Amino acid sequence: MSALRPPFADRNFKYLMIVPAVTTILLVGLFPVIYTLILSFQNVDMMFEDTSFSGGKHYAALVSDARFWESLLHTLIFLVVALPAELILGLALAWLFLDRMPGRQVFVALLVLPVTISPIVAGATWRLLFDNRFGPINQILGWFSDEPVTILWTVDPFYVYPAILAAEVWQWTPFMFLLLLAALSNVDRSQIEAAEIDGAGFWRRFTKVVLPAIWPVMAIAILIRALDLFRLFDVIWALTRGGPGTRTETFSIYAYILGFQQFETSYTAAMSFVVILLLVISITIVLRRMEIDR
Amino acid sequence: MIRPDRGLGLALRYVAAVAATLIFIFPIYWLFMISFKTPDEIFASPPVWWPESIQFANYGVLFKDGDVLTIWNSVVIASVSTLLAMVLGTMCAYSIARYRTGGNFFSDWLLSNRMVPPIVIVFPVFLLFVKVGLVDSYAGLILLYTAFNLPYVVWMMRGYIQDIPLELEESALVDGCTRWQVFIKVVLPMARSGFFATAVFTFVFAWNEFIFALVLTRAEVTTFPVQVTHYFGGQSNFWAKIAAMSVLGTVPIFIAVTLLQRYLVRGISLGAVKG
Chain W
5 MSALRPPFAD RNFKYLMIVP AVTTILLVGL FPVIYTLILS FQNVDMMFED
55 TSFSGGKHYA ALVSDARFWE SLLHTLIFLV VALPAELILG LALAWLFLDR
105 MPGRQVFVAL LVLPVTISPI VAGATWRLLF DNRFGPINQI LGWFSDEPVT
155 ILWTVDPFYV YPAILAAEVW QWTPFMFLLL LAALSNVDRS QIEAAEIDGA
205 GFWRRFTKVV LPAIWPVMAI AILIRALDLF RLFDVIWALT RGGPGTRTET
255 FSIYAYILGF QQFETSYTAA MSFVVILLLV ISITIVLRRM EIDR
Chain Z
108 MIRPDRGLGL ALRYVAAVAA TLIFIFPIYW LFMISFKTPD EIFASPPVWW
158 PESIQFANYG VLFKDGDVLT IWNSVVIASV STLLAMVLGT MCAYSIARYR
208 TGGNFFSDWL LSNRMVPPIV IVFPVFLLFV KVGLVDSYAG LILLYTAFNL
258 PYVVWMMRGY IQDIPLELEE SALVDGCTRW QVFIKVVLPM ARSGFFATAV
308 FTFVFAWNEF IFALVLTRAE VTTFPVQVTH YFGGQSNFWA KIAAMSVLGT
358 VPIFIAVTLL QRYLVRGISL GAVKG
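Chains W and Z are the protein sequences, given in the same order. The first sequence runs 5 to 298 under our numbering. The second sequence runs 108 to 382 under our numbering.
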């Protein structure tokens with residue numbers, strides 16, 4: 005048996021097994037990045053497919069494009085408000101449901117539903133809820149006010165951020181909740197009891213015993229949500245399409261408008277590439293800081 | 108963390124639990140109710156919280172106008188892309204799990220593909236698809252969803268395969284099975300439950316996805332989330348249609364996810380929590 009060479013398929017088995025997957029991912033993972041880079045140094049737009057070298061023209065234009073930097077700022081605002089809100093609310097909910105109570109499984113099953121909905125449907129739902137005349141939110145607020153409340157949630161520049169954030173936090177808090185509930189359930193209770201006997205107060209028990217134990221899961225949850233919030237598109241598209249004006253335009257929405265409504269092909273490519281770079285740099289830094297084990 | 112299990116503490120926790128659940132469920136309740144309301148009830152001010160009667164006229168319109176075809180498009184695209192991603196991804200995962208193919212660099216690179224914002228990917232892909240005629244075709248979206256889901260499938264299936272004891276595969280090899288036969292006859296049956304759990308999450312992603320579908324479909328293969336946004340008008344929103352279409356696209360997911368409660372945490376946390 006050993007004198008015979010095993011057949012080709014067996015010798016190269018491990019490589020043959022990854023070829024189909026890798027080919028597909030290269031087509032949709034690596035090709036876009038390279039093509040984006042090439043396009044960004046050309047002069048392609050709606051009118052002309054001018055593939056001559058444009059130098060760093062588009063990158064230079066990007067630096068002075070206030071709308072681009074504002075869209076990054078808007079993205080950042082959503083990120084720094086929604087992420088802690090989801091984390092804290094999720095943690096509070098996980099805490100609430102940690103111990104047994106009658107019907108706990110039913111509660112958890114219901115709470116998880118928002119995560120599974122298409123973000124477009126979530127956005128549409130909140131658009132109905134926030135409607136100034138026919139939605140229940142102004143109605144409920146009216147119960148606590150002397151006069152009828154008629155806030156134009158998706159139009160008013162002041163209220164549009166709370167509206168989008170409400171939809172976003174509503175949909176993804178259960179995600180945090182689910183992961184943190186699983187992590188908290190795995191914490192060794194005897195350690196907490198020991199800390200309590202040693203006289204550690206609630207806050208000390210939480211930061212010294214519970215938090216280190218749930219951190220690996222929490223770090224992954226934060227990372228997943230941060231990446232999702234960075235690409236925020238669907239919910240805003242359903243609620244405001246970036247409006248009023250460009251007030252709630254995230255990077256993804258600006259790139260969509262530039263690329264698919266104004267057909268500034270090369271300029272959009274330059275912008276995409278800058279964002280990929282920013283993303284790679286920040287992920288590298290964050291991963292180092294978080295020290296997530298594989 | 109240590110709390111009395113009965114008495115006032117439990118009662119307070121119970122009240123808080125019911126309140127929190129009601130708040131999170133209310134938007135879904137509202138969406139479903141609008142889909143059952145008559146136009147008069149939808150456009151009543153103050154709003155009606157409970158319709159006079161449950162009627163299905165809003166759904167009837169969607170069936171009559173053929174709008175439900177977009178649900179069918181979603182079924183085709185999500186199913187085929189899920190099947191492809193699962194087959195290719197599980198093969199790749201097996202190679203990584205058992206032969207460490209490509210080392211850590213390869214698995215990290217695979218996962219990093221999932222981190223690029225979709226808008227960045229879809230832009231050059233759109234230009235490519237225009238050239239090769241894949242815009243507004245089943246094949247185009249299926250290809251894109253397959254590729255986008257692959258890193259997730261590989262990551263999850265690698266975890267499930269690593270949980271399988273190695274001895275069975277070794278003895279199958281000794282018995283004269285080829286490596287491919289070992290994969291098909293030993294590994295796949297053992298990884299069955301993880302396989303189906305991963306498949307459902309892959310399906311849910313493709314089902315709910317919006318940006319790719321918005322860019323790459325026109326009229327022929329519009330998926331249901333894109334169809335929902337078509338009802339947003341400048342002047343009047345077709346609320347009844349928005350709600351009914353949303354419900355049609357949401358119920359199948361609710362059923363699937365409820366059946367898979369057991370795998371939920373592991374599935375959405377990239378396996379960070381073994382459930």
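If you are wondering where the hints come from, they were derived from the structure by calculation, not from laboratory data. Every value quoted in this text rests on a predicted model; they were computed, and no experiment measured them. In this text, a Cβ means the ideal position worked out from N, Cα and C, and glycines have one as well. Heads up, some of the hints might be wrong.
Some but not every residue of chain Z turned toward chain W, in silico, with C-beta under 8 angstroms [unchecked claim]: (1) 134; (2) 199; (3) 246.
A quick look at each hint next to the structure:
1. 134: Nearest chain W Cβ about 5 angstroms off; hint holds.
2. 199: holds (4 angstroms)
3. 246: violated (13 angstroms)
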